[in-house]
Amino acid sequence: MAACRRVPLLLLLMSFFLYVHPIRGQKSAINGLAKPAVSVDIPAQNQGGAPAAVNGAQVLAALPLRRRTSGWKLAEEGACREDLTRLCPKHSWNNNLAVLECLQDRKEETEIAADCNHLLWNYKLNLTTDPKFESVAVEVCKSTITDIKECAAEERGKGYLVSCLVDHRGNITEYQCNQYIIKMTSIVFSDYRLICGFMDKCREDINTLHCGSISTGEKDVHSQGEVIACLEKGLVREAEEQPAAHAIGANCKKAIMRVAELSSDDFHLDRYLYFSCREDRERFCENTPAGEGRVYKCLFNHKFEEAMSERCRDALTTRQKLIAQDYKVSYSLAKACKTDLRKYRCSADTNMPRAREARLSYLLLCLESAVHRGRTVSGECQGEMLDYRRMLMEDFSLSPEIVLHCRGEIEAHCSGLHRKGRTLHCLMRVGRGDQGAIDNLCQKALQTLIQEADPGADYRIDRALNEACESVIQTACKHIRNGDPMILSCLMEHLYTEKMVEDCEHRLLELQYFIARDWKLDPILYKKCQGDASRLCHTHGWNETSEMMPPGAIFSCLYRHAYRTEEQGRRLSRDCKVEVQRILHQRALDVKLDPELQRRCMTDLGKWCSEKAESGQELECLQDHLEDLVSECRDVVGNLTELESEDIQIETLLMRACEPVIQSHCHEVADNQIDTGDLMECLVQNKHQKEMNDKCAVGVTHFQLVQIKDFRFSYKFKMACKDDVLKLCPNIKKKVDVVLCLSTTVRNDTLQDMKEQRVSVKCRKQLRVEELEMSEDVRLEPELYDSCKQDIGRLCQNVAFGNAQVIECLKENKRQLTQRCHHRVFKLQEVEMMDPELDYQLMRVCKQMIRRFCAEADAKNMLQCLKQNKNSELMDPKCKQMITKRQITQNTDYRLNPVLRKSCKADIPKFCQSILNKATGDSELEGQVVSCLKLKYADQRLSPDCEDQIRVILQESALDYRLDPQLQVHCTDEISRLCPEEAAAQEQTGQVEECLKVNLLKIKVEGCKKEVLNILKESKADIFVDPVLHTACALDIKHHCAAIPPGRGRQMSCLMEALQDKRVRLQPECKKRLQDRIDMWSYAAKVAPAEGFSDLAMQVMTSPSKNYILAMFGLGVCVLFLFGLLCGRITKRVMQEQKDR
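Take 73 as the starting number for the sequence shown in my numbering and just add one per residue.
Hints may contain errors.
[Claimed, not checked] Result set (DSS-like, lysine-lysine): computed pairs, CA atoms no more than 27 Å apart in a straight line:
#: 1; residue 1: K1143; residue 2: K1158
#: 2; residue 1: K977; residue 2: K990
#: 3; residue 1: K899; residue 2: K942
#: 4; residue 1: K883; residue 2: K759
#: 5; residue 1: K788; residue 2: K805
#: 6; residue 1: K781; residue 2: K899
#: 7; residue 1: K516; residue 2: K550
#: 8; residue 1: K883; residue 2: K788
#: 9; residue 1: K939; residue 2: K899
Keep in mind the hints are simulated off the structure, nothing from the lab.
Work the whole structure out from these sequences, hints included.
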């Protein structure tokens, strides 16, 4: 290296001779030394092919020293006069350096004479072999050497001084010194043999790589930059471990990199690149001044332009690869970041090889780490870093690891896409699994490159992404400053929206796939969470990794702490939690953005979700198949689902779909920083509002269906009931089973009047919410849904799920259900009748009426309250119709009427045991028990409480025949035949029963006739049971029977007596109806005689002629008594007479 360091000194000397006046009378000797022999032959070459320096010196020494008083000029030599006149402007002829620069920088197709070539060669050779010129450098750069301490300390006489000046040429402020240094370097770099020591160090490598011969022969000695370029390419092939790559010697490597470094500031000094890119420089960088690496940077920026020549592009790529191996090859980067590198000790790692420290990747990682830690890095250095990060992302070939480890993937999937970062994005796509498989080493190389380039900090670094997403950024993200890291988050927020374009979507997901695998690559997350990560997850520096806590595991650690309660221990800071939530929102858009999920569920994704058409639905698919997943996949999907239950806002697609309903009904809970399941609960409660669209409804229902698989998936339920579940329902996991277990416990405790409920208050409250939610959709009741799936497909195929519509359809078609489904529906109805609040359809349809009539009623008595107000003029018709449906249901089986069941619990087994004995546990009684109780009511044998309930049922069924299930069963055909108009009436007021009574003689079906006769029998017991008669006689009851209490046939007897009393004048309609009833009862007595003494007694007691019958019966008894007395006396006298005999 000491020998090479003499190069700048020798160049400097020539400048001195060309520009400075003679120094103390020595100028003539110097000029004489510099003058080549023109009039004689070129000195013979030695065996190595190079001109013999000694012989050349002897020749020069023998030449006469012409014009000692004035400087010698190249323009005056005949060998070059013709070429000079043809190629160089006249004003440059008096300046040897200008002439030399003109001739050696000529256009490639322009030839100069061989004699002129050799003249120029000898001229430069003489300059570079004289050891006397360090003193000249000291004279010219005196003040500069004093200012630069490193150069002032260099040892004199060994050529180190000028080498130091070259290294610090960016700091030289003295104009004359600076100009000498810049001009002189161009002489040496025209021929590799003139770079002192280079030939000796690289002779073997040149021969092995066939980079050229040391003998110039007839070859232009001034285009020997090709030899340097050949060696540089060999160095690149070795770094990329290409097949048959030659291992270049260590000394030659240093020499190559030193040459590249010395030529880094001026485009002209890299002769191969200069000749390769001369026209491209004129085309793209005409106005870019040379020096400080500006032309290099300009050409780098236009490297992938269509007009760029392939030769220039290859030369630029080679230089970029050298920069990747040693950042000092970039003059602008080394100069801009020199202070920052020293400040942040980026070259102080003594354990690391020098070659590793010099790599561009190491520099970028070190300085990026400082930036991410909030340290100050100069704007000039950051600008240079940005340029080279963009360079790495544009051309994959600049990263040897990518070329080495991804060669197979590139050939198979990404050949021909190298420009503008397309190959790199193609490899990212392969890495995502969208296009074949990828080798682990290639995947690791890609991850490392993304960390080095750090496109997450500035999307503009990724040219492919920038171009693809430009239109989206201008429309959707125009409010964000250009280059801000939030641009990527903004793009993610608009993923799968109308503003997103397909190409941008692909490029964005390809990049985010790798950013998601290292939390540090999201600069905002790292900035807000680095303190929390260090405190909770024991992380290291930005560019440091740990086997115990790899980068992908740190985010998992952060989000586990993000949702901890205060009781559970340490939590994240508020700012960090916001960022963790942002990342979770993004990951919810694509399952591949969650590294752990993709790794553990790769097999299940292919098995169960390969047919998913829409992106972003893979997690939903895995949740649907939760029971079928392998254990490690099931665990991670379960954890994510549990997390969603606490904060559903991380489901970005769902939140987008539900935006209208959230703004209208849930904006208050949506604005909360901490969700804790409130938003999902609100969405469920408002699931059927007009603002709810299909996408949102489907998403909410899906989440409800997922929740039933595990009670942990319902955050509020889990938090409220976890202790109760552990105590009362251990080993039960499915939410529906847990709800059933807890609700059964609550019901049993209530029925047994236990002083202290076993289920806690907060759990009972949340349990009610869960029960109400489950009643809305048959799919949320798995046992019911599974039992009735076949019936739903057969009977309710056109009925949409939700709003309990399918459940209602099953109830309406109950007679046609399969036995298993019928049993489940009956059990459901039994629960709903005991707790009407669980009857979703009733509560939905009658919501307003409940507020109007039953605001203060207990939830258990809600249906009873609605029944009581059913006939109010203010009652909504739809609600009235729903109430009627529920009444019909209740009358089909006493078990569905809790009030009746409680009131008649003694009467039912006493009077109707035979019916109960015939029934099976799974079958409905079709109103038989209620009919039995009705008959006993007519016989006035029921208990007071039971009698009151039966009276209500009789009154209701008298008005609406549909409330009498036995009448429905036996008289459907007769009603259609005899009373079609009455049955079709919208408002039922007892006209159907009246029609059947009137047409009693026309009824052909015996079962129907018997039911009508029973109705007639029941009507004797209470006039309220006969609504037509009661309406006709309302005034007469008020006038003649007001003092008589209703029930037990008392008011009916009063009217019959009034009818027989000629002094009383009844209303014509009442009189007519009463006479009709007497005729009906008479007919009923004939066709349905009393079945026993009790029935006979009841008929007498309920007969309108009860008094007459009783009087006649009493008269008969008296006659019989008198006759008995008489017979007894006669018998006694006869017996006495017989004794006397």
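Agreement of K781 and K899 with the hint, judged by alpha carbon distance not exceeding 27 Å:
holds, 22 Å
Please work out if K1143 and K1158 have their alpha carbons no farther apart than 27 Å.
Status holds; Cα separation ~23 Å.
Given the hinted pair K977 and K990, is their alpha-carbon gap at most 27 Å?
It holds: about 18 Å lies between the C-alpha atoms, which stays within 27 Å.
Does K883 pair with K759 here, judged by a C-alpha cut-off of 27 Å?
Distance of about 23 Å is within 27 Å: holds.
Restraint status (C-alpha distance of K883 to K788 at most 27 Å)
violated, 32 Å
Within a Cα-Cα threshold of 27 Å, do K899 and K942 meet the stated pairing?
holds, 26 Å
Is the straight-line distance between the alpha-carbon of K516 and that of K550 27 Å or less?
Violated, at roughly 34 Å.
Can the restraint linking K788 and K805 be considered satisfied, given a maximum Cα separation of 27 Å?
It holds: about 16 Å lies between the C-alpha atoms, which stays within 27 Å.
Just to be careful, I want the Cα atoms of K939 and K899 compared with a cutoff of 27 Å; is the pair within it?
holds, 22 Å
Of the numbered hints stated above, those contradicted by the structure are hints 7 and 8, listed in ascending order.
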